[in-house]
Amino acid sequence: MHIVVCMKQVPDPESPAGSFAINPETMRVEPRGIPPVMSLFDENALEAALKMKDADKDGTKVTVLSAGKRVPDAVMLKSLAAGADALAKIEGPDLDNMALNARGTAHVLAKAIEKIGDADLILAGRQAADSNAGQVGAEIAAALDLPLVTMARKVTTENGSVLVERVLADGYEIVKAPTPCVVVASNEVGELRYPAMAERRKAKKKPVSSTGPGDVGADRIPEAAAGLKGLEYPAAKERQCVIIPGDDPARAAKTLMEKLKDAGLF
Amino acid sequence: MASPILVLAESSGEKVLPLSLEALAMGRKAAKESGASLAVLVCGKGVSAAANELLGYGADKVLAVDNDLLADLHPDLLCAAVSQVCESIKPGAVFMAETLTALDLAPRLAARLKTGCASDCVDVSVSNDSGGFVFTKPVYSGNVMARFALLGKPVVATFRARAAEAPETGEASGQVENLDVSLDPSLARYEVVETVSDDDTGGPKLESADRIVSGGRGMGGPEGFTVLAELAKALGGAVGASRPPCDLGWISPVHQVGITGAIVAPSLYIATGISGSTQHVAGMAEAKVIVAINNNEKANIFKIADFGIVGDWENIIPALTKAAAEIAG
Ligand SMILES: Cc1cc2nc3c(=O)[nH]c(=O)nc-3n(C[C@H](O)[C@H](O)[C@H](O)COP(=O)(O)OP(=O)(O)OC[C@H]3O[C@@H](n4cnc5c(N)ncnc54)[C@H](O)[C@@H]3O)c2cc1C
Ligand SMILES: Nc1ncnc2c1ncn2[C@@H]1O[C@H](COP(=O)(O)O)[C@@H](O)[C@H]1O
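Just so you know, the sequences run in chain order A and B. Position 76 of the first sequence, counting from 1, maps to 76 under our numbering, and the rest follow consecutively. Position 217 of the second sequence, counting from 1, maps to 217 under our numbering, and the rest follow consecutively.
To be clear, the hints were calculated from the coordinates, so they are not data collected in a lab. Given the structure is predicted, the values throughout are model-derived calculations rather than measurements. Every clue listed holds true.
BS3-like, lysine-lysine: derived pairs with alpha carbons at most 27 Å apart:
no., chain 1, residue 1, chain 2, residue 2
1, A, Lys-229, B, Lys-153
2, A, Lys-254, B, Lys-233
3, B, Lys-45, A, Lys-176
4, B, Lys-205, B, Lys-322
5, B, Lys-233, A, Lys-261
6, A, Lys-259, B, Lys-322
7, A, Lys-254, B, Lys-298
8, A, Lys-115, A, Lys-69
Estimated spans, in silico, between C-beta atoms of each pair:
no., chain 1, residue 1, chain 2, residue 2, range
9, B, Gly-131, A, Ala-55, 53 to 59 Å
10, A, Ala-235, B, Lys-205, 26 to 32 Å
11, A, Lys-202, B, Gly-46, 54 to 60 Å
12, B, Gln-175, A, Asp-54, 56 to 62 Å
13, B, Val-192, A, Asp-54, 23 to 29 Å
14, B, Gly-56, A, Arg-70, 53 to 59 Å
15, B, Asn-128, A, Lys-69, 31 to 37 Å
16, A, Lys-176, B, Ser-88, 29 to 35 Å
17, A, Lys-115, B, Glu-165, 47 to 53 Å
18, B, Ser-3, A, Ile-116, 36 to 42 Å
Just so it is clear, CB atoms sit at the ideal spot from N, CA and C, and this is done for glycine as well.
All chains, please: the whole structure from these sequences, using the hints.
Right, here's the structure in full:
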């Protein structure tokens with residue numbers, strides 16, 4: 001089974017709030033002094049693929065696919081070290097500032113997937129940490145006319161089909177989809193495994209390709225269906241905190257309960 | 001005449017979801033500002049009770065699609081049904097609450113209709129220049145708020161919990177209009193094999209709980225959540241979690257609080273072993289009183305809390321459970 005994992009690099013969303021500077025003139029967010037990382041849900045998608053590879057080492061190939069103006073190997077190396085077999089990058093100036101253009105991004109990725117040719121399963125993340133859109137997975141499925149299964153917490157294979165556990169409000173459902181199909185992974189898949197040092201060294205020898213969107217046949221990228229009208233910082237949520245020392249737990253607990261009572265809670 | 005706004009309501013059993021009523025309130029606001037009419041649609045099998053309930057919220061039209069094939073709301077069939085309704089009533093916008101159903105349906109529908117989509121919106125307004133809708137939503141995982149205009153018809157938007165207040169119900173007026181759609185089982189491109197319930201709490205549901213005791217990565221493992229559950233029980237509240245414990249399988253994901261979990265606003269929120277990331281805080285910052293328990297006095301969570309205890313939860317939580325049992329019990 002050939003699994004393609006769509007992996008986006010994003011400015012680390014867990015950086016301090018001040019790291020995301022708004023430039024009102026260009027209407028862009030300029031990350032300040034924070035490194036790009038692999039988007040968190042995409043790491044979950046990769047972990048889902050690697051779990052499938054664990055179950056069938058020789059029969060499973062995992063290709064990581066990433067599109068962007070520039071996709072530094074240093075960021076993506078972690079995916080190869082964690083166990084992916086190859087990295088396919090689609091890079092070029094046309095792919096600048098595409099976070100708002102889910103359909104355009106999906107078009108490029110879909111063309112690249114067609115070019116790869118033998119993908120049985122396409123995995124994407126629930127949402128990218130910059131766009132927070134949650135659309136590209138569905139758009140890829142639409143572009144390739146493939147079945148779409150979302151909110152996956154576990155993916156396995158069975159006789160050429162995939163079985164997916166989908167998160168529901170009060171549990172999950174197990175669904176069976178034919179291949180090829182698109183599966184969107186959620187965080188319940190589990191965190192991406194931490195690669196050992198030896199794997200990191202080996203990763204540097206794995207195949208990495210870089211092509212432009214035109215090379216995969218994506219020469220007319222659809223226009224964005226969203227236009228930016230403004231960017232703002234979220235309202236500050238700070239409160240004045242009364243600190244209670246915790247060295248005497250029983251006393252701290254009693255003090256807190258009294259304060260909560262004074263606040264009208266009991 | 002501006003094209004109507006179509007709000008898609010979901011029901012749980014016979015009742016309309018409270019979150020859907022909030023989305024309806026957003027629809028009402030957008031309709032008022034833009035001069036559009038407001039229609040609300042409920043789809044499923046046996047939805048007449050929910051549709052009748054919707055008559056009390058002042059929409060211009062209440063539409064229902066009642067179809068046996070929608071019994072389990074298979075995403076492919078639901079999307080087909082909603083797009084057929086869109087073809088017939090030609091809305092300018094489709095609004096829904098950001099639920100698990102909408103998380104799937106909104107982008108699926110927009111991809112099918114080739115229109116613009118915005119998820120997890122906190123507000124909508126009408127643009128002065130174009131007259132189109134402008135949606136406000138978090139980007140960069142909540143570090144920035146963006147305002148978007150969307151292209152196409154209908155545009156599709158989902159709204160975050162508590163972005164609007166649910167409207168009061170009034171006199172029921174008008175009649176439910178039942179719409180026919182043509183669905184075929186073969187539209188379902190995958191098959192549901194089994195449904196499993198793993199709601200392990202038994203206690204109050206997160207979204208409706210008035211007191212929530214949450215744990216984060218600092219709980220160190222599933223055992224920590226057993227200890228938290230005792231405090232939650234003593235307080236008559238629910239157990240919540242940050243994302244890592246859900247990712248790591250320490251607790252079921254139904255407990256997750258934050259931008260990709262539940263958005264809650266209880267009277268009391270106790271955050272234990274939680275550092276206070278933007279993504280978590282966005283899900284609980286509206287709580288009336290916030291208590292932080294963390295062994296790192298510099299943790300960000302103290303900045304957004306009213307009361308903080310600096311210490312190891314293993315000592316603090318059992319003491320709190322005892323004190324809570326005395327006071328609350
Ligand atoms: C797109 C996106 C969506 C996200 N959505 C969500 C979401 O919905 N909800 C969410 O929570 N996160 C979400 N996250 C993840 C978020 O960025 C943080 O990674 C996460 O909230 C951190 O969880 P934490 O505070 O439990 O862990 P950490 O940040 O690791 O903090 C653990 C804390 O525990 C404390 N601690 C350790 N041991 C003890 C002890 N013995 N006693 C007391 N305190 C102790 C530490 O001092 C520390 O402050 C999202 C991220 C992205 C990118
Ligand atoms: N430029 C990209 N390169 C690779 N994958 C992407 C890219 N943009 C989006 N994706 C995938 O699509 C998912 C959803 O993205 P979004 O719709 O932007 O929230 C991400 O989690 C990725 O798996």
